[in-house]
Amino acid sequence: MPLNPQTPHHLNTASPSPTEEHNQSRVKDYITNTLSNLLTELASPDGHPSITLKPRSTKVSTRSINPETGALETHAASAGSTTYTWPGKDCYEAWKFTVAMRVLSGIADAVDKGVAVSKRDIYYNDPAVFGFQRIVDRLVDDFAHTVGVDRTALNVGAAAKGLVVGCFQWKIKDQAMVDDAHFFNPDTLVPRPQDILGLEVSDIEWVLILEKEAVYRRLAGMKYHVRSTAGLGILVTGKGYPDLNTRAFVRRLYDESRRRQSSKRIRFYALVDGDPDGMAIMSTYKYGSLAYAHENSALNCPEIHWLGLRTSNIVTGVDPSGNDALLSLTPRDRKKMLAMLANNPVWAVDGPEQEARAELLQMLMLNVKAEMQILYDGDGGLVRWLDRRMTHFP
Amino acid sequence: MSSVAHPTDIYGLAVTDKFCLSASGSSSLKVHSTVDPDFPLVQSLDDAHKLGCHHVVTNAKGLRAASIGFGGEIAIWSCHDGVWAKDSIASVNQTGSAGIWAIAMSEDGQYLAGVSQDGHVKVWDLNASGEEIRDYETKGSFGTCIDLSADGRFLASGHENGSVYIFSTETGRMPFSLSGLVKPVRAVAFSPGGKFLAAAGDSKVIVLYDTSSGEPVANLSGHTAWVMSLSWSNTGEYLLSGSFDGKVKVWSIDTRACVATHSETEKSIWSVRWLPKVGRSEGFATAGASRGISFYREATGG
Chain A
1 MPLNPQTPHH LNTASPSPTE EHNQSRVKDY ITNTLSNLLT ELASPDGHPS
51 ITLKPRSTKV STRSINPETG ALETHAASAG STTYTWPGKD CYEAWKFTVA
101 MRVLSGIADA VDKGVAVSKR DIYYNDPAVF GFQRIVDRLV DDFAHTVGVD
151 RTALNVGAAA KGLVVGCFQW KIKDQAMVDD AHFFNPDTLV PRPQDILGLE
201 VSDIEWVLIL EKEAVYRRLA GMKYHVRSTA GLGILVTGKG YPDLNTRAFV
251 RRLYDESRRR QSSKRIRFYA LVDGDPDGMA IMSTYKYGSL AYAHENSALN
301 CPEIHWLGLR TSNIVTGVDP SGNDALLSLT PRDRKKMLAM LANNPVWAVD
351 GPEQEARAEL LQMLMLNVKA EMQILYDGDG GLVRWLDRRM THFP
Chain B
1 MSSVAHPTDI YGLAVTDKFC LSASGSSSLK VHSTVDPDFP LVQSLDDAHK
51 LGCHHVVTNA KGLRAASIGF GGEIAIWSCH DGVWAKDSIA SVNQTGSAGI
101 WAIAMSEDGQ YLAGVSQDGH VKVWDLNASG EEIRDYETKG SFGTCIDLSA
151 DGRFLASGHE NGSVYIFSTE TGRMPFSLSG LVKPVRAVAF SPGGKFLAAA
201 GDSKVIVLYD TSSGEPVANL SGHTAWVMSL SWSNTGEYLL SGSFDGKVKV
251 WSIDTRACVA THSETEKSIW SVRWLPKVGR SEGFATAGAS RGISFYREAT
301 GG
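If you read the protein sequences in the order shown, they are chains A and B.
Numbering-wise (our numbering), the first sequence opens with residue 1 and increments by one.
Numbering-wise (our numbering), the second sequence opens with residue 1 and increments by one.
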């Protein structure tokens with residue numbers, strides 16, 4: 001992974017809303033108080049500098065699918081708070097204090113200068129100390145939870161990750177009036193939802209969500225969003241598990257669709273690998289994730305139609321390419337599938353995805369999975385396959 | 001033929017003289033009566049396996065059963081006065097059985113055999129607190145299926161890499177590693193007298209091996225999809241097979257020919273089992289992704 005620091009762009013602070021203003025002062029107060037307490041403790045000879053965090057609860061008592069919104073919800077027992085002290089009782093606590101300090105100073109810096117930074121920027125300040133990106137991700141979310149604000153109030157966003165191309169127009173904050181570049185430019189990043197000031201999608205009939213960037217680029221290169229027999233559309237990829245921006249964008253499209261007459265609604269399709277990650281990614285777009293359960297009802301798109309891949313179609317020869325296209329599940333795959341079945345109500349025996357659950361169990365039975373690339377070689381390749389599927393499930 | 005519906009795919013059937021037990025994608029095991037011509041549901045063993053269950057087996061007398069869930073846990077059941085319940089004594093050591101996929105039970109119900117996802121073949125003595133008495137190591141390929149011969153002297157396992165092994169339970173040795181199948185094996189079954197072992201899977205051919213020589217003696221061809229399950233009739237006269245495209249075939253062992261093909265469904269057949277012989281009639285049960293059990297009343301299907 002190359003070092004890729006994002007150029008911080010200046011936040012437009014011209015007219016913040018009352019809540020934004022309130023949140024910003026809460027963040028500043030929190031940072032000032034925490035840092036001054038740390039300094040006081042450091043200055044005293046037997047001081048114990050410490051940081052107290054209210055981690056987002058990982059002990060979830062119940063999980064369910066909201067029947068109205070189709071969103072995955074969790075009801076957590078309220079978690080206590082954790083205090084990390086320097087030097088602490090062991091190495092782990094000392095490290096935990098250090099990384100929390102580093103993340104807090106990254107946030108303080110961004111808030112102070114009024115610029116947005118990404119979690120990736122903070123990580124690359126000292127990758128050796130953090131070890132993993134997810135350490136930073138978790139701490140940023142915990143700080144936001146501790147202060148009681150959204151992550152964006154900390155001026156920390158995830159680096160834009162999702163890509164979109166299609167037959168639509170939008171107005172992006174700080175950009176020219178109407179941007180058509182995305183018509184054929186597959187490198188258009190999905191921006192933060194609050195930066196999309198206007199969206200015009202009246203020409204499109206479908207949205208195709210793709211798990212893999214490679215498949216996205218292949219289809220974008222063929223201009224599938226224009227040439228599909230299913231009409232004009234939009235191609236989106238979150239490059240694996242989608243970030244919040246990509247999910248928010250898909251949801252925005254869904255909200256646009258709901259304003260149309262019922263016969264003219266946008267059709268939503270997802271094409272993912274026939275493996276546990278692919279199915280979990282499909283479920284993240286459709287129902288939401290367990291990690292951001294409180295935001296799911298504003299981010300999910302309940303009308304997604306799962307196009308595939310289904311290993312069952314490959315075994316029975318419905319999909320071309322033959323049985324050589326199947327791979328054996330790894331022990332990690334099997335473990336992940338069992339965790340999905342045990343923990344996520346999407347896959348429960350009385351859950352909303354009976355067909356997908358049966359497919360998961362069947363994959364465990366047969367010990368097989370399949371990747372999207374196999375569709376490249378079939379009769380007519382990926383395009384013909386998609387044309388057939390997207391016209392079959394209107 | 002008559003059918004009974006289930007809410008989820010059925011992955012395993014076990015048949016005794018009075019009952020047909022089914023394992024499915026739901027958490028309960030269902031018990032159907034095979035004595036009543038309508039095959040009614042007579043008992044539901046609820047909360048047996050939280051994530052669903054893929055294999056269920058019984059002993060010949062129909063007094064004990066074992067089931068294994070997708071979560072990997074093995075449950076032992078016993079039947080008293082026509083009612084099934086968790087066996088209060090018999091168990092299998094949980095750590096030693098980690099990673100077990102398919103299971104088989106001895107005729108007397110004392111021994112349970114299992115093949116693991118990393119290719120180990122194990123035997124437990126259920127009457128001795130589930131003590132592990134055998135652990136055969138193979139080449140590490142995922143163990144998909146297992147069978148015990150009626151006299152309990154031989155064990156056979158089938159694997160994802162196409163291997164089929166026969167073990168002697170008496171000596172603990174492996175007399176045969178059978179060749180012939182290259183693709184994943186999905187089913188192995190000893191004939192009632194132990195003369196043959198039938199094996200089949202993704203190669204779509206059923207191979208009959210002579211268990212005394214380990215040589216293949218016949219190929220039964222006709223399926224056009226993966227063969228998922230095999231079962232011998234009580235006399236050894238017929239072999240029953242079910243495949244992923246929903247076809248069920250009955251093979252005559254004398255003539256080595258297919259004598260009946262049933263295509264009630266296009267969805268995968270996961271399990272086929274002969275029913276006990278009642279008088280002169282011999283029937284069988286099939287189940288799978290069509291979410292129902294079909295009962296046929298005659299050997300050639302009726």
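Just so you know, the hints here were simulated from the structure itself, not pulled from any lab data.
Check before you lean on any hint, since a few could be wrong.
Derived lysine to aspartate or glutamate pairs resembling EDC-like cross-links, with alpha carbons at most 20 Å apart [claimed, not checked]: (1) A:Lys171 to A:Glu213; (2) A:Lys335 to B:Asp118; (3) A:Lys336 to B:Glu73; (4) B:Lys50 to A:Asp243; (5) A:Lys171 to A:Asp203; (6) A:Lys54 to A:Asp187; (7) B:Lys195 to B:Glu215; (8) B:Lys267 to A:Glu359; (9) B:Lys50 to A:Glu200; (10) B:Lys277 to B:Asp118; (11) A:Lys335 to B:Glu73; (12) A:Lys336 to B:Asp118; (13) A:Lys336 to A:Glu371; (14) B:Lys139 to B:Asp118; (15) B:Lys277 to B:Glu264; (16) A:Lys212 to A:Asp195; (17) A:Lys335 to A:Glu371; (18) A:Lys161 to A:Glu213; (19) B:Lys86 to B:Glu107; (20) B:Lys267 to A:Asp187; (21) A:Lys28 to A:Asp142; (22) B:Lys50 to A:Glu355; (23) A:Lys264 to A:Glu355.
Margin query: So if I understand the rule, the pair passes when the alpha-carbon distance is 20 Å or less; does Lys335 (chain A) with Asp118 (chain B) pass?
Written below: Roughly 14 Å between the alpha carbons, so the hint for Lys335 (chain A) and Asp118 (chain B) holds.
**Asked** Are the Cα positions of Lys195 (chain B) and Glu215 (chain B) separated by 20 Å at most?
**Response** 12 Å, holds
> Can the restraint linking Lys54 (chain A) and Asp187 (chain A) be considered satisfied, given a maximum Cα separation of 20 Å?
Replying inline: 38 Å, violated
Exercise. Going straight from one Cα to the other, do Lys212 (chain A) and Asp195 (chain A) come out at no more than 20 Å?
Worked result: 25 Å, violated
Take a quick look at whether Lys50 (chain B) and Asp243 (chain A) sit within 20 Å of each other, Cα to Cα. At roughly 32 Å apart (the allowed maximum being 20 Å), Asp243 (chain A) and Lys50 (chain B) break the hint.
Would the pair Lys336 (chain A) and Glu73 (chain B) pass a check requiring their Cα atoms to be no farther apart than 20 Å? Given that 20 Å is the threshold and the Cα spacing comes to 17 Å, the pair holds.
task: Quickly compare the C-alpha distance for Lys264 (chain A) and Glu355 (chain A) to 20 Å and report which way the hint goes.
output: 26 Å, violated
message = With the threshold set at 20 Å, check whether the alpha-carbon distance from Lys267 (chain B) to Asp187 (chain A) stays at or below it.
response = Not satisfied, since the Cα-Cα distance of roughly 42 Å exceeds 20 Å.
Task: Hint consistency between Lys277 (chain B) and Glu264 (chain B) [alpha-carbon to alpha-carbon, up to 20 Å] - done: 23 Å, violated
Given the hinted pair Lys171 (chain A) and Asp203 (chain A), is their alpha-carbon gap at most 20 Å?
16 Å, holds
Q.
Check whether the Cα positions of Lys171 (chain A) and Glu213 (chain A) lie no farther apart than 20 Å.
A. 24 Å, violated
Check your understanding: Hey, Lys336 (chain A) versus Asp118 (chain B), does the alpha-carbon distance stay inside 20 Å?
Key -> 17 Å, holds
Violated hints for the displayed structure, listed by number in ascending order: 1, 4, 6, 9, 10, 15, 16, 20 and 23.
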